[in-house]
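I would like the entire structure built from these sequences, with the hints used as guidance.
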Amino acid sequence: MRKQILNGLLVSALFAGAALAQGKQQSVEFYLDGKVGTEVVKKGSYKVTLPEGTQGQVAIKVGKKVITANVTKKDIANAPEADKMTYATNDDGTRTVTSLTPKGQKYTLVFEGSEVAKQPTPAPAKPGSQK
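According to my numbering, the residues represented by the sequence shown are 2 to 132, in order.
Nothing false has been slipped in among the hints.
Mimicking DSS-like on lysine-lysine, the simulated pairs with C-alpha atoms at most 30 Å apart in a straight line are:
no. : residue 1 : residue 2
1   : 66        : 43
2   : 107       : 74
3   : 107       : 44
4   : 43        : 65
Just so you know, the hints here were simulated from the structure itself, not pulled from any lab data. Just so we're clear, the structure is a prediction, and the values are computed from it rather than from any experiment.
Below is the structure:
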């Protein structure tokens with residue numbers, strides 16, 4: 002009996018540690034359709050797991066699928082009041098997300114491979130967010 006309780010506590014601790022290692026979760030609003038890696042993230046609100054360190058992976062939950070991409074965290078002076086993204090227009094007319102600045106955070110996540118982006122296209126401001 003005692004061994005089962007200890008095993009249960011150990012398993013619980015492992016799951017809790019794995020959840021903490023994944024990073025912070027935040028809801029992020031994508032204002033335009035854009036590729037993250039090879040997958041397209043449609044316009045809408047998604048749960049995003051943000052990395053803890055200066056480099057890591059961002060995970061975007063799209064339905065039952067989780068899209069991941071490598072990112073580098075760059076510090077910024079002021080935390081934005083709304084989610085901000087930068088997109089690049091690809092040769093085929095599609096867009097690729099090149100950076101993400103989550104609402105309320107003092108950093109921007111720069112997506113790996115975004116240095117090959119041709120024409121950065123800033124996302125439109127969320128209606129009502131301009132003063």
